[in-house]
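Residue numbers (the working numbering), protein chains in the order written: chain A, 1 to 138; chain B, 1 to 138; chain C, 1 to 138; chain D, 1 to 138.
To be clear, the hints were calculated from the coordinates, so they are not data collected in a lab.
Treat the numbers as computed from the prediction; the structure is a model and nothing was measured.
Where hints are given, some of them may not hold.
One copy or two, it doesn't matter: identical chains are merged, so the pair holds either way.
[Stated by the list, open to error] Derived pair list, reagent style SDA-like, types lysine to any residue, alpha-carbon separation capped at 25 Å:
hint	residue 1	residue 2
1	K45	R31
2	K24	V120
3	K106	R6
4	K106	T74
5	K18	T87
6	K135	S70
7	K18	Q77
8	K25	S71
9	K24	H91
10	K18	G79
If you want the building blocks of each chain, they are given just below.
4 protein chains.
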Amino acid sequence: MSELVRFGVSLEDSLLIKFDRLIKKRGYATRSEALRDLIRQELVKNEWEEDQEVAGTITFIYDHHRRGLSSQLTDLQHGHQDTIISTQHIHLDHHNCLEIVAVKGKASEVQELADALRSVKGVRHGALSMTSTGKEIA
Amino acid sequence: MSELVRFGVSLEDSLLIKFDRLIKKRGYATRSEALRDLIRQELVKNEWEEDQEVAGTITFIYDHHRRGLSSQLTDLQHGHQDTIISTQHIHLDHHNCLEIVAVKGKASEVQELADALRSVKGVRHGALSMTSTGKEIA
Amino acid sequence: MSELVRFGVSLEDSLLIKFDRLIKKRGYATRSEALRDLIRQELVKNEWEEDQEVAGTITFIYDHHRRGLSSQLTDLQHGHQDTIISTQHIHLDHHNCLEIVAVKGKASEVQELADALRSVKGVRHGALSMTSTGKEIA
Amino acid sequence: MSELVRFGVSLEDSLLIKFDRLIKKRGYATRSEALRDLIRQELVKNEWEEDQEVAGTITFIYDHHRRGLSSQLTDLQHGHQDTIISTQHIHLDHHNCLEIVAVKGKASEVQELADALRSVKGVRHGALSMTSTGKEIA
Numbered sequence: 001m002s003e004l005v006r007f008g009v010s011l012e013d014s015l016l017i018k019f020d021r022l023i024k025k026r027g028y029a030t031r032s033e034a035l036r037d038l039i040r041q042e043l044v045k046n047e048w049e050e051d052q053e054v055a056g057t058i059t060f061i062y063d064h065h066r067r068g069l070s071s072q073l074t075d076l077q078h079g080h081q082d083t084i085i086s087t088q089h090i091h092l093d094h095h096n097c098l099e100i101v102a103v104k105g106k107a108s109e110v111q112e113l114a115d116a117l118r119s120v121k122g123v124r125h126g127a128l129s130m131t132s133t134g135k136e137i138a
Numbered sequence: 001m002s003e004l005v006r007f008g009v010s011l012e013d014s015l016l017i018k019f020d021r022l023i024k025k026r027g028y029a030t031r032s033e034a035l036r037d038l039i040r041q042e043l044v045k046n047e048w049e050e051d052q053e054v055a056g057t058i059t060f061i062y063d064h065h066r067r068g069l070s071s072q073l074t075d076l077q078h079g080h081q082d083t084i085i086s087t088q089h090i091h092l093d094h095h096n097c098l099e100i101v102a103v104k105g106k107a108s109e110v111q112e113l114a115d116a117l118r119s120v121k122g123v124r125h126g127a128l129s130m131t132s133t134g135k136e137i138a
Numbered sequence: 001m002s003e004l005v006r007f008g009v010s011l012e013d014s015l016l017i018k019f020d021r022l023i024k025k026r027g028y029a030t031r032s033e034a035l036r037d038l039i040r041q042e043l044v045k046n047e048w049e050e051d052q053e054v055a056g057t058i059t060f061i062y063d064h065h066r067r068g069l070s071s072q073l074t075d076l077q078h079g080h081q082d083t084i085i086s087t088q089h090i091h092l093d094h095h096n097c098l099e100i101v102a103v104k105g106k107a108s109e110v111q112e113l114a115d116a117l118r119s120v121k122g123v124r125h126g127a128l129s130m131t132s133t134g135k136e137i138a
Numbered sequence: 001m002s003e004l005v006r007f008g009v010s011l012e013d014s015l016l017i018k019f020d021r022l023i024k025k026r027g028y029a030t031r032s033e034a035l036r037d038l039i040r041q042e043l044v045k046n047e048w049e050e051d052q053e054v055a056g057t058i059t060f061i062y063d064h065h066r067r068g069l070s071s072q073l074t075d076l077q078h079g080h081q082d083t084i085i086s087t088q089h090i091h092l093d094h095h096n097c098l099e100i101v102a103v104k105g106k107a108s109e110v111q112e113l114a115d116a117l118r119s120v121k122g123v124r125h126g127a128l129s130m131t132s133t134g135k136e137i138a
């Protein structure tokens, strides 16, 4: 279990005033919490840049009336079982399905899977959400 | 049901060669499909800029051992029932949980909810994935 | 003139180790410097979100052989004199010009000007670089 | 010199209506122009992903009163002569300078130079603008 350590930071007072205003607006209770989040954001960015093991979600939209599309998407996902944790399916309206694929794996493999899903004919839009497995930001 | 229409596009031949190379690399079968996806990307970007009704996912990571955190997150989500469609919870390892919230609502409300979840103490990282309800890109 | 103030930050020791590794990789001499930069990044992001007075550059590429294009771009720029500080012109090769417009103004006006320049026929690509007037991050 | 070629694109009529609305809002005269720009955007994104030769600008802000900073920045830039085309210096106010470095080189080298300039003590904010040498999008 990791312990809290304390260290000192030097900052221009004028900059600190602006930072305090921003963290209040964003709803943080303390400076330490806000700084911790900024640090984690940078670490997560770095995980993706260095092609480390990451986690994320691939979210895409498609029309389930399109013949054969659902099974094509399922096939594609089965070919990436090592990367995919789970898939959630949401019926947005009569036509549109939102499918959310939770993924964990090397950043480049996750990116590749996202590209593959996005380029399937009938998938209307896809977005990749980049986060962390949590190990490197604890 | 929408029908396919056909129209002509003029392009420099040198540009077309490079585009054909790119769509092959990305795995598209035809130019029309690739262009359709580019158009939809722009439309989705525009939905978010104009604060229209959008869909998306908020993905975040937290340590479920932190006392009171789960119930705090649940409370926060219940306060946004109109925006949240469903929540999926994934156990990444002994400590880290990945929680994926599927959302639908005004872009600004979705953004606000993402900020609120991200700034909860104990949430280690959060990412917002921006897609569409599908209505405006069909 | 702003003075340096010092305050304490609490961080998990495991997170601090990873942060120290990252700031070394990025070339920072001290934690304070790295944190100052993270804070400023957030403040600049916030300036653009809140449509404050910002600074930036609009960089675009065009073919100067295209008849009438240069004067059309100059005309457009003259219509935005209040936002434009200066324009630098670089001859990339026989055909391609890189034009860099330094801008200062409300974020929304800068964005509008970037869109206008980008959509001129013959402009091949445009990119907007978002930074600050410096006042709010000192 | 490249010639214009014409080819047909199939699109759902409902999607075409929305696209026409968007290109009107963005100020394009024809669909071909708007599509050409979408295609070029993708090609430029691809140039950066594949670490090809690219062009761009590095824009940063610093306080010129800081002793030794200007010469440190000049030294750093001289060490990257092959990548830097030119530098433009703008006096934003009594304290803040905006420096705009036009660059051309491998994407990874440009990125590295941007990181190096950003992490210099006294540089308050830096932004990298990614565009193309124009050769691959003509």
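Now for the hints, and whether the structure bears them out:
1. Taking the shortest Cα distances, K45 and R31 sit within 25 Å of each other both inside one copy (21 Å) and across copies (18 Å).
2. Taking the shortest alpha-carbon separations for K24 and V120, only the inter-copy value of 13 Å comes in at or below 25 Å, while the best intra-copy value is 44 Å.
3. Proximity of K106 and R6 under a CA criterion of 25 Å is satisfied in neither setting, with 33 Å inside one chain copy and 40 Å between copies.
4. For the homomeric pair K106 and T74, the shortest alpha-carbon distance inside one copy (21 Å) is at most 25 Å, but the shortest distance between copies (30 Å) is not.
5. Taking identical chains as interchangeable, the C-alpha atoms of K18 and T87 are never at most 25 Å apart, the minima being 42 Å within one chain and 31 Å between chains.
6. For the identical chains of this complex, K135 and S70 are inter-copy neighbours only, at 19 Å across copies versus 34 Å inside a copy, given an alpha-carbon limit of 25 Å.
7. Taking the shortest Cα distances, K18 and Q77 never come within 25 Å of each other, neither inside one copy (47 Å) nor across copies (30 Å).
8. Taking the shortest Cα distances, K25 and S71 sit within 25 Å of each other only across copies (23 Å), while inside one copy they are farther apart (46 Å).
9. For the identical chains of this complex, K24 and H91 are neighbours neither inside a copy (37 Å) nor across copies (31 Å), given an alpha-carbon limit of 25 Å.
10. For the homomeric pair K18 and G79, neither the shortest alpha-carbon distance inside one copy (50 Å) nor that between copies (30 Å) is at most 25 Å.
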